[in-house]
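These protein sequences, in sequence, are chains A and B. Numbering of the first sequence is given in numbering that gives the first Met the number 0, commencing with residue 0 and proceeding in unit increments. Numbering of the second sequence is given in numbering that gives the first Met the number 0, commencing with residue 0 and proceeding in unit increments.
Everything labelled a hint here was simulated from the structure, so no lab data went into it. Heads up, some of the hints might be wrong.
[Stated by the list, open to error] Mimicking DSS-like on lysine-lysine, the simulated pairs with C-alpha atoms at most 25 Å apart in a straight line are:
1. Lys3(B) / Lys70(A)
2. Lys150(A) / Lys136(A)
3. Lys41(A) / Lys160(B)
4. Lys2(B) / Lys21(A)
5. Lys54(A) / Lys145(B)
6. Lys25(A) / Lys174(A)
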Amino acid sequence: MLREFDYLQPESVEEAVNMRQKYGEKSIYIAGGTDVLPKMRKQKGPVPPALISLKGLAGLNDIREEEGFVKIGALVTHRELERSELIRQTLPVLADAVSQIGSVQIRNVATIGGNLCSSLPSADTSSPLLVLNAAVKIFSLSRGEYTVDLKEFFVSSGKNILKANELLEEIIIPKPEPNSGGAYYTISRRNAMELPLLGAAVYLVMNEAVQCKEARISLTTCAPTPLKTEEAATELVGKKINEETLYAAGERAARDASPRQCSFRCDSDYRIDMIPVVVKRAGMIALKRISLS
Amino acid sequence: MTKKTIKVKVNGKHYESEVKGNTTLLDYLRNHLSLTGTKEGCGSGDCGACSVIVEGKAVNSCLYLAVDADNKEVMTVEGLKANGELHPLQQAFIDEGAVQCGFCTPGMLMSAKALLDENPSPDETEIRHSMAGNLCRCTGYERITKAVSNAAQEISARKLK
């Protein structure tokens, strides 16, 4: 049984944000509901004054190409992304992430906006979007729409920069340049239905001499926020990309990681030890994708 | 808490009902419409026993609010049988011995139906990947996977006739 709550169904972003203003910060936005509704089964603490559904908001459901960018509405589901030819061909690092979230049933309703707004370090879409240099478009009741780099979005575990009168609308990703590609590789205890114990998104831009021109690395579940490691990525620039160079970059990345000491899913030592491995594996897949393109 | 009126088409039949905002689709199907084929296993989207098909997509009805099903088409396991005959999936589950306690079976059938509607000839890997959200404590999944595969072939064969 779910706790009793008022379920509001606004039809526009502005209406939704106004409702949250009216009902206060304790009211909760709900999109797919796969994070919010399980919490509504627990009986402890005060009931939120309202659940504000985002399902009816127009204009946030598209995946489209526009002026050199791929734009994804916050309400696009993981399943829509998984099955989108555009995403699979152009942004396979993101396809890697969404195709392993939960189950088909979860992915049919859970949204990319919800995944980012959960702002958990284990949010699978976060690292791929960080290595894609994604930005997010936010609607603010006080300042209108504005855009911010995704790396500024996450503050700490479960917290992001959204103010009480703001809503995430869209994710904006620059289209990949030639000779570039990425991959997302995770380790988990089960083959499905599990948050990653650890994940690495690696994005490489190569030059004609098959050397790395630019690299981006982001790690999932090894810090309070998804961790984009700039120094480790810089180490790959000018180098040939192979298992050794990727592993070494992973070892550098591990020095920036700060996984939870008391996680019951695995030891922090295990995560630290495995960071070079996931970076290496993700990087090799990225490299293969570039060579095939 | 105010109630809302919803109009839902379930297994081809139209229903108009008043529901509270916090009524799940699972609760609505079982307790308002007495369609008890859909089961509650965990109530948190982890087991898939409550899987139904909404607008062609498999969802966990324990995490889907009834008010969100307004103006939508829903299929439950009760909707598989047609003209008094079992659906090829149901027949395949029986023939293959893919049912033991039967509690996961409605969810399995719904997941499989959604899969075959999207991909009429999945291989074993695709079946297992698509149905990863449906847990079974009894069978070990072998017979279920085989049943889905057999049903896919049967459905294709019937279409060719």
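Quick one, are Lys54(A) and Lys145(B) close enough, alpha carbons at most 25 Å? violated (37 Å)
Holds or violated: Lys3(B) to Lys70(A), with C-alpha atoms at most 25 Å apart: violated (35 Å)
Between Lys2(B) and Lys21(A), does the CA-CA distance stay at or below 25 Å? holds (21 Å)
Holds or violated: Lys41(A) with Lys160(B), Cα cutoff 25 Å? violated (53 Å)
Lys25(A) paired with Lys174(A) [C-alpha distance capped at 25 Å]: violated (38 Å)
Has the given pair, Lys150(A) with Lys136(A), been kept, meaning a C-alpha gap of at most 25 Å? Within the cut-off at roughly 13 Å; holds.
The structure shown violates the earlier hints numbered 1, 3, 5 and 6.
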